[in-house]
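Given chain A, work out where chain B should sit, using these hints.
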Amino acid sequence: MNDKPSSGQAEWSGAWADMQRHYWNAWTDLARTASGVSHDPSLGASSAPWGQGFDLWSKMLGPVMAPESRAWMDKLLEINKGYLKMGEALFNTYSAAQHSGKDPGQWWESFNQYLTKMQEQMANQFRSSKDPWAGFATLWGLPADTWKRLASAWSTMPGDVEKAFRDIDGLPHSGLAPLAHEWLSTPTLGYTRESQEEAQRLAQLWLEHGQAVKAYGDVLSRIITRSGELLKEKMTGLMTKGEPPDSLRACYDLWVDCSEEAHAEISVSDPFIKAQARMTNAMMAVKRQEQKIVDEMLGALNMPTRRELDTSHRRLHQLQRQVWQLQQTLEDAGTLELREEVAALQRQVSEWSAGARADQTPPANTARRAAKSKDAT
Amino acid sequence: MFRPDQIMQEIYDFNHKVANGLKTLSRVGDIDVGASHKDPVYREDKLTLYRFRPRAAEPAKVPVLIIYALVNRPYMADLQEDRSMIRGLLDQGLDVYLIDWGYPDGADRYLNLDDYLNGYVRRCVDFICRQHHLPSINLLGICQGGTFSVCFSAMHPEKVSNLVTMVTPIDFKTPDNVLSQWVQELDVDLMVDTLGNVPGELLNWSFLSLKPFRLTGQKYLDMAEILEDPIKLKNFLRMEKWIFDSPDQAGEAFRQFIKWFYKENRLVNGNLEIGGHKVNLSRITMPVFNVYATEDHLVPPAASIALEHYVGSKDYTTMAFKGGHIGIYVSGRAQKEIPAGVAEWLKNRMH
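These protein sequence lines are chains A and B, in that order. Sequential numbering from 1 applies to the first sequence in our numbering. Sequential numbering from 1 applies to the second sequence in our numbering.
These are calculated hints, taken from the structure and not from any lab test. Yeah, the Cβ is synthetic: ideal placement off N, Cα and C, and Gly gets one too. Hints are supplied without guarantee of correctness; some may be wrong.
Claimed, not checked - Far from chain B, by Cβ distances over 10 Å, these chain A residues were calculated:
#, residue
1, Asn281
2, Ala285
3, Asp295
4, Val342
As the list claims (entries may be wrong) - Computed from the model, here is a short list of chain B residues facing chain A with C-beta under 7 Å:
#, residue
5, Glu10
6, Gly119
7, Thr194
8, Leu221
9, Trp242
10, Asp245
Okay, chain A solo, but in the shape it has when bound:
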């Protein structure tokens, strides 16, 4: 890479494409070496954006990696994709500013525009998408994704339940919520009324969960907004001091600092605490209802149910506690008995000692007589 400042959008684009090619070749070489498979031209090498490159590379190498390494690799690639995304965005912003040929300070204006655009994009995503995590989790990877996985992992339903129920979850935001609630509150009749009631209850709980997730996504998006504000403030401060970030990594670190500051501020606010708890409670309620329905089915099949297992475990635990208490009682009683025995023995030894001393000590008169007779001799 040369150090001379370049000019012209075409030149930057060329350099970018060249760098992508280099990058792509390096990754595919590594993949070939490690996997022993030849490069698949259908993967579309040089035209692939950098972020996608990771995906393709991961697909090529994934099957031959050990499962334990695979998890690490996925994590690393996921984070790196976010970093690259930032790099690409900054690159485009800066190269556009350079191309404008105006005041060197033009980049700052471009950077501000970039931030504003980024926030608007996320806000739009959030408003328009059925995905409650859009606009927040999509920003360079965040733990909201972990919640999605948890929601599915805890569910008795197979697959990505959170995603599967998005259509139902979407109802509250489409203005159909009252209708849905009315429909789900319709009294049930006849032979299947019990099971239908439980199914309606489950759907109602999923609706509530959808609303709760959406509300949580809303408070999370406030963190991003605040983080953007802080980033602008801090960047302005650094610019004023003549100490702008001197690398992509420095920009990223500054963004992390601002995001953490925003998170620390908002995550202890009442709306955040309530929204987070509501989402967790709503998920638990869904799962509880799922358990109830599954238990009914298992019972009908004469198979062990969760309720039965809980009862068995509780009884077993009560028995174990009784055994522990008995052992403790016996031990304490034994110790007490021993202590009493030791004390009795000690008393006896003391008495004997006293007796023995008395035997050895001559009576006072005898002693005096003995002394006199000694004097006389």
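Showing chain B alone in chain A's frame:
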């Protein structure tokens, strides 16, 4: 300000590091933890009581029992040779025991705090006392294990010679306790009734959510910087293993801990009772050494320091460690300061 070509160069260098580093990653092998030799000396259910092999010719006569939290695994205190608080304590001439709680499963969901404290802990303490012909021993509690040690010492003061607590929450409602604020609205009854045992993943989610950008993003970019160094990489992975090696929490014990400690703050309010034993902190009259971390985001310093106001001991010492909740075990400075500080304090009280 840097130029676009610098961005490209940086990304190129970064990718180069990742590409090369992944080779190291694929060859890194098993992530081993635990540096010091230890022997299981007592087992009960999933609990194992270990005794570490002394490294001094004549170890101290009164042993130290380490009580770790139910959350995460106790090997954090003995992660690797150059990052081991336990090894430090052994080198200082102490005789060290450790309770490993194991991994509770569904059949353990009804274990409660009484079972843990007046059951498991008490029996471990009694076992050690019998082995050493002593009426009492030293306790060293870490994090939630510190809270347990404090409760145990208050319920059974005759069995504890000296009490050491590390990054231990006492007052669960200090204003800077984010975790505490988060759980106030949580329906813990619904959670435990639904899940039985509370999954370790859920706790991880909570802990990572305290600093999400740093712990789920920035940390892994830092990792890319050390990918090519097998030793540093292995250290990182060891730490990573510990963070995500989270046992599920026995449901009833979790319910009681969240309700009684986090929500109702009974320990400092004076209305905590476990298995019919009143937990009155004024009964802690043995010497107390309280170590806290000044940058702790899980157990804020104020939550730990509060202990001083409630114990009945006239021999109370605090030690502030400049670092975080994890750094107190694994940082280079911690290796020098913590074991030496604990051992010196204990030795002065074991004559």
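Each hint, compared with the structure:
Listed as outside the interface, Asn281 (chain A) is inconsistent with that label: its C-beta sits roughly 5 Å from the nearest C-beta of chain B, within the 10 Å cut-off. At roughly 7 Å, the least C-beta separation between Ala285 (chain A) and chain B is not larger than 10 Å, which violates its mark as non-interface. Asp295 (chain A), annotated as away from the interface, keeps every beta carbon of chain B farther than 10 Å; the closest lies near 12 Å. With a least beta-carbon separation of about 14 Å from chain B, Val342 (chain A) lies farther than 10 Å from that chain, consistent with its non-interface assignment.
Checking Glu10 (chain B) against chain A: minimum C-beta separation of about 5 Å stays under 7 Å; hint holds. With 7 Å as the threshold, the beta carbon of Gly119 (chain B) comes within range of chain A, its nearest partner Cβ sitting at about 6 Å, so the hint holds. Of the supplied interface hints, the one on Thr194 (chain B) holds, with its beta-carbon coming within about 4 Å of a beta-carbon of chain A, less than 7 Å. The criterion of a C-beta within 7 Å of any C-beta in chain A is met by Leu221 (chain B), whose closest approach is roughly 6 Å, and the hint holds.
Hint status for Trp242 (chain B) relative to chain A: violated, with the closest Cβ pair at about 15 Å, above 7 Å. Hint status for Asp245 (chain B) relative to chain A: violated, with the closest Cβ pair at about 13 Å, above 7 Å.
Checked against the numbered hints given earlier, this structure breaks hints 1, 2, 9, 10; the rest are met.
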